[in-house]
Amino acid sequence: MIKTDEAKILLKIAAVSVVVAMAVCGTVFSSGADDSSTNNTANRFSTKTVYVPDDYETIQEAVDNASSGDMIIVRDGVYNENVDVNVANLTIKSENGSANCIVNATDPNDYVFNVTADYVNITGFTVKGVRIIDKAGIHLNGADHCIISNNEVLNNSGRGIDLVRSSNNNWLINNSVLNNGIGIFLYFQINNTIISSNIVKNNDRGIHLSWYSDHNILINNHIMNNSYGIYLYYCSNNNTIVNNIANFNSNSGIYVYLYSNSNYLNNNTIGDNKYGVYVYDHSNNNSLYNNIMASNEYGIYLYYGSNSNTIYNNYLSNTHNAWDSGKNSWNITQTAGTNIIGGSWLGGNYWSDYAGADEDGDGLGDTPYDIRVGKNKDYLPLVKPSIFDTRFGTYPSIPGTHNGTITPFYDLNVSKMYTYSCLGTGGHSEYVKLWNSTGWNVTATWNGYVEDWHNLKFNESFILYKDETYNYTIRTGSYPQIHHNRTLQTANGWINCTEFTDANGRTYDNWIPAIMLWSD
4 MIKTDEAKIL LKIAAVSVVV AMAVCGTVFS SGADDSSTNN TANRFSTKTV
54 YVPDDYETIQ EAVDNASSGD MIIVRDGVYN ENVDVNVANL TIKSENGSAN
104 CIVNATDPND YVFNVTADYV NITGFTVKGV RIIDKAGIHL NGADHCIISN
154 NEVLNNSGRG IDLVRSSNNN WLINNSVLNN GIGIFLYFQI NNTIISSNIV
204 KNNDRGIHLS WYSDHNILIN NHIMNNSYGI YLYYCSNNNT IVNNIANFNS
254 NSGIYVYLYS NSNYLNNNTI GDNKYGVYVY DHSNNNSLYN NIMASNEYGI
304 YLYYGSNSNT IYNNYLSNTH NAWDSGKNSW NITQTAGTNI IGGSWLGGNY
354 WSDYAGADED GDGLGDTPYD IRVGKNKDYL PLVKPSIFDT RFGTYPSIPG
404 THNGTITPFY DLNVSKMYTY SCLGTGGHSE YVKLWNSTGW NVTATWNGYV
454 EDWHNLKFNE SFILYKDETY NYTIRTGSYP QIHHNRTLQT ANGWINCTEF
504 TDANGRTYDN WIPAIMLWSD
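If you read the sequence shown in my numbering, its first letter stands for residue 4, the second for the next number, and so on.
Calculated directly from the structure, the hints in this document are not laboratory data.
Beta carbons: idealized from backbone N, C-alpha and C, even for Gly.
Mixed in with the good hints, there may be bad ones.
[As the list claims (entries may be wrong)] Pairwise CB distance ranges (calculated):
id, residue 1, residue 2, range
1, Asn182, Asn144, 20 to 30 Å
2, Tyr54, Thr109, 15 to 25 Å
3, Asp79, Cys238, 39 to 49 Å
4, Asn144, Ser440, 55 to 65 Å
5, Ile135, Ser169, 22 to 32 Å
6, Gly377, Thr322, 11 to 21 Å
7, Asp470, Ile135, 42 to 52 Å
8, Arg489, Ile135, 34 to 44 Å
Produce the entire structure from the sequences given, and follow the hints as far as they go.
Following this line, the structure appears as structure tokens:
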């Protein structure tokens, strides 16, 4: 059953990634987080485009005179308004992005944008000025199939973006949600909404799903410096939380609370929180797998009647790795497959404080790992192999030259470098050089599309030593996968970007190559 669920999740993620890529590039399109929306797309293209303040002095005046299918483009400036949007199939977008187009609440006790119609797109604004806790910068009330994208929503005492009263099948994409009471709030039966590629920072609660909010997808968000990163409350079930970074939150990276069941937490990086993942108060049948939980006070904490949760193939390196007062499963049956630290078997989790041996060298500990407090055990703890793996990256992608540093968590034997390529392409690396401050260096060069062309092979194997910092230069060919971060903590160590120069000569300081250093 787990494999079937994972396959469904991967299909969802693939569909979401296409739409996210369009939104990041500024494409305006009709929304629809469920399949039925695609049947009506042709009827929702814009029929008239008007400009503010050219055609109408205010955004509200433009909305009041709009018809279904229109587009309102707002030129640069500061607009002091509270905008009520009750026209369906309407796009409201800034001309030149959020840095140049600010909408500030005239009445600080009201919403800045109040959306009560379906198929509304709001994109490219700075939204601020709400001063009471039960109002929001962008508010959807009973509105379905809306897209909120590329906005900067900040300094609202209430909520940054909220969806209430069965506002379903919406997309919140590529927004920066900063310094609000609650960053993104889904309240009361909010279903099938996709929250993707947002930066959610310095709020009390980063992303909060509440009261029967089910079947939502949270993917590729960076959630940091909040009290709680992701907060699931009261019967919020069957949500998919995948590929998020939740770090430096004062309480929990991810908090699953009060009868919130059957949620999937997969491939998240959760670090420097008090609790990495906290599952509390009769929250059952949740699945936690493929997550990295490092540098938290507690990695995973299960308490007060939270049972039948499945936790496997996670990387845990925390002050206290696990605490469990219930009856939960900390491993699956031994199954062939690459695990989170590069071993050949899926089973339990990697524990930084595991003291057992692996006499047969199968990558699984010979004795169980004891979970604190109760009688739970991980019967198949993972033992780390010699590998450095950033894992899969993301889009967009372009060839170029990467420079940065790598610091392993343990000694690594290396003879090859593998490059993750974009799906269905010939993505690869053409050249790699590793060196350190002593003058030691190694290089490898690509030999074309022959044999094992995803890997560059060094002339001889070598060791990268624990906690030593090594410099790298990697020149990639077409369609390599990328991590869009300045620094990236993997299960095997840190990799940082000093500078990336793309094929067009543009430079960046937050593009890290998706690679694996390993030895056959």
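Consistency of the hints with the structure:
1. Checked against the given bound of 20 to 30 Å, the beta carbons of Asn182 and Asn144, roughly 23 Å apart, stay inside it.
2. Here the CB-CB span from Tyr54 to Thr109 is close to 21 Å, well matched to the stated 15 to 25 Å.
3. Asp79 and Cys238 have their C-beta atoms about 44 Å apart, which keeps the hinted 39 to 49 Å range intact.
4. In this structure the supplied range 55 to 65 Å holds for Asn144 paired with Ser440, their Cβ-Cβ distance being about 59 Å.
5. For Ile135 paired with Ser169, a C-beta distance near 23 Å keeps the hint of 22 to 32 Å intact.
6. Taken as a hint, the range 11 to 21 Å holds for the pair Gly377 and Thr322, whose Cβ atoms sit roughly 19 Å apart.
7. The beta-carbon spacing between Asp470 and Ile135, approximately 50 Å, falls within the hinted interval of 42 to 52 Å.
8. A hinted range of 34 to 44 Å holds for the C-beta pair Arg489 and Ile135, which are about 36 Å apart.
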